[in-house]
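Trainee: With the hints as your guide, set chain B onto chain A.
So the sequence lines, in the order shown, correspond to chains A and B.
All residue numbers for the first sequence refer to the numbering used here, where the first residue is 4 and numbers rise by one.
All residue numbers for the second sequence refer to the numbering used here, where the first residue is 4 and numbers rise by one.
To be clear, the hints were calculated from the coordinates, so they are not data collected in a lab.
Possibly wrong hints are sitting among the right ones.
No copy is singled out in the list; a pair is fine if it fits within one copy or between any two copies.
[What the hints assert, rightly or not] Straight line, CA to CA, 30 Å or less: simulated DSSO-like cross-link-like pairs of lysine-lysine:
no.: 1; residue 1: Lys182; residue 2: Lys213
no.: 2; residue 1: Lys182; residue 2: Lys112
no.: 3; residue 1: Lys182; residue 2: Lys110
no.: 4; residue 1: Lys182; residue 2: Lys103
no.: 5; residue 1: Lys213; residue 2: Lys39
no.: 6; residue 1: Lys213; residue 2: Lys174
Protein chains: 2
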Amino acid sequence: MIIGGGFPVSIQTMTRDALLPDRLSAVVQRIEALRKRGCDLVRFAVPDLPTAELLGSLSTVTDCPLVADVHFDYRIALRCLDFPLAKVRINPGTIGDEAKVRDVVAKAKDRGIALRVGVNAGSLPNSLDSEPDLALAMVTAAEMELEILERLGFSDVVFSLKSSDIGHTVKANEMFARKYDYPLHVGLTEAGPLVPGLVKNSIAISDLLKQGIGDTIRVSLSGTEEEEVEGGLSILRAVGARRYGVNVISCPRCGRSTFDVKSFLEQVSDFIQGISRPLTIAVMGCEVNGPGEARRADIGIAGAGTRAIIFRGGKVLRQVPFEQAASAFRQEVGRLCEQG
Amino acid sequence: MIIGGGFPVSIQTMTRDALLPDRLSAVVQRIEALRKRGCDLVRFAVPDLPTAELLGSLSTVTDCPLVADVHFDYRIALRCLDFPLAKVRINPGTIGDEAKVRDVVAKAKDRGIALRVGVNAGSLPNSLDSEPDLALAMVTAAEMELEILERLGFSDVVFSLKSSDIGHTVKANEMFARKYDYPLHVGLTEAGPLVPGLVKNSIAISDLLKQGIGDTIRVSLSGTEEEEVEGGLSILRAVGARRYGVNVISCPRCGRSTFDVKSFLEQVSDFIQGISRPLTIAVMGCEVNGPGEARRADIGIAGAGTRAIIFRGGKVLRQVPFEQAASAFRQEVGRLCEQG
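So that you can see chain A by itself, here it is in the shape it has in the complex (with noise of 0.2 Å):
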């Protein structure tokens, strides 16, 4: 795969499933229901060499990218990449010992395979304790991770600065993109349970993306990995970058709606997270908002009373009690996505 340069931003996950022996065929149909949601790239943590040869297994049985997440351990990413991956993850700065990290580098320049160097505000080298801007320290380390890099030929890397804090994280970046050309690989890093981690996420990839910096990103949560797909998704679509799968507008909760919103889209999520083409789908309760919004969407449902119309291009298809809403909804975009 091709990051960088122009082409569309990528959306990856972390993967938190064990890589065993007997599950891999599990790994690989959750990798493949994460593609169909839009994930692009899913890493793996590689913390031995067991682990090594497992994420080489499913790398001979899975299309889909994979990463490797090594830390300190040559030896792990020199086994790593004796497989087909799409990168991985190593800061040379970590490994220890410049014949270690000259042996990495030759390998993956032989192999074609990228490395990414992520600097994380939670672990920087100690010489840079006493540099108070911690944006300025991030960028700093980066740079001692490249200088090793570029001394021995090497730039087929993809970085990644990552903070908890949205400020940091954002200055952080921006000043490298200033600087470098190298690829980025963007977001935050710790940042918390779903609703202020997806709040933290959006605000900074936001911002990175709409200034152009950013080819891969990744929303992590203390969550599961079809949350962060998901984010990243609704990121790259808010920002312009990614027309891909279903919009959904749909109802706030409100005293208006005589139509439970919040229960259809329930009842309807796992269609609609299936649809890989573009289509906007209105999801009204209420008599206020309801039909004017639906009619500019694809298709749309809105509640009336005690009965569901079901609008497309500005035309009633069908009215239905509320109990057959989702069982016609789907119908009806099925047969949209069938005329094409």
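Mentor: Then chain B, alone, in the frame of chain A:
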């Protein structure tokens, strides 16, 4: 309560809780719980006169600022204005008859209650159908309402200009804020389910707040009121507009973690939500970034092997087995809060 004019940005939610005579005490409890989470204003749809009576009763038993959401019927607005509400939302242009508008405005002025005029892209006047610039159409619709109110010498108005589209909403609010000094209630409408809805609201609302636009906000979601409030609070914190309660820095899911951060956060979630003093708490699973981030927080917990380490001010307070982590953490946070 005071809205606009440099006062802090307020968080609003709109409840779906039905106002029924036998549910009033449950609604009061719900409102109090929402306030504890950071909510400043709760809005209720008032579709008929009996609901107006119930909202009136509610306003006498809670000191939470309440907003009545009224459509079309000036009699409902008039009845609402008998009670100590913070705002009545009604669009003069939809009342139908200038004499009726005059009655509403006179009573609002007499009672010192603000009106909120809410323009939604989904329900613009038909006369604006031919305007291709939706943001301009929204501003024009607001100006049509404003003209009626200014003619009647009424200026205690909060405006909102909402659409389900980030670009239109941001542009309409920017245009309006450049021309007028009226306070603005900002947010998207029909933003969709939790994940995409939160992403869109975060980007739109933070963009406006960073420009100094927005006096009250609502993160409208097809979700729960609690999620709306938590989302609003997270946005205000992210743009530096609010220091309130706990900021959680926590690990994303990743295979490096030995400590189950998600399940730990679920165990302490209610406890954390109940803390009103500003506090940064780090919950880290991973030895790579964990201790570094946790040390910078007011208090932190990080997994290390089979035990959890609780940090405070850069020092380890105690080490406990995972199963005692939640209770030990509650204890230490409690101590920290007591000591001020």
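Trainee: Give a verdict on every hint.
Mentor: Hints versus structure:
Taking the shortest alpha-carbon separations for Lys182 and Lys213, both the intra-copy value of 18 Å and the inter-copy value of 26 Å come in at or below 30 Å. Taking CA atoms no more than 30 Å apart as the test, Lys182 paired with Lys112 passes inside one copy only; the shortest distance there is 24 Å, against 58 Å between copies. In this assembly of identical chains, the alpha carbons of Lys182 and Lys110 lie at most 30 Å apart only when taken from the same copy (27 Å versus 61 Å across copies). In this assembly of identical chains, Lys182 and Lys103 lie within 30 Å of each other by CA distance solely inside one copy; the values are 28 Å within and 63 Å between copies.
Within a single copy, Lys213 and Lys39 get their C-alpha atoms as close as 26 Å, which meets the 30 Å cut-off; across copies the closest is 35 Å, which misses it. Taking the shortest Cα distances, Lys213 and Lys174 sit within 30 Å of each other both inside one copy (14 Å) and across copies (16 Å).
Hint violations for this structure: none, all hints satisfied.
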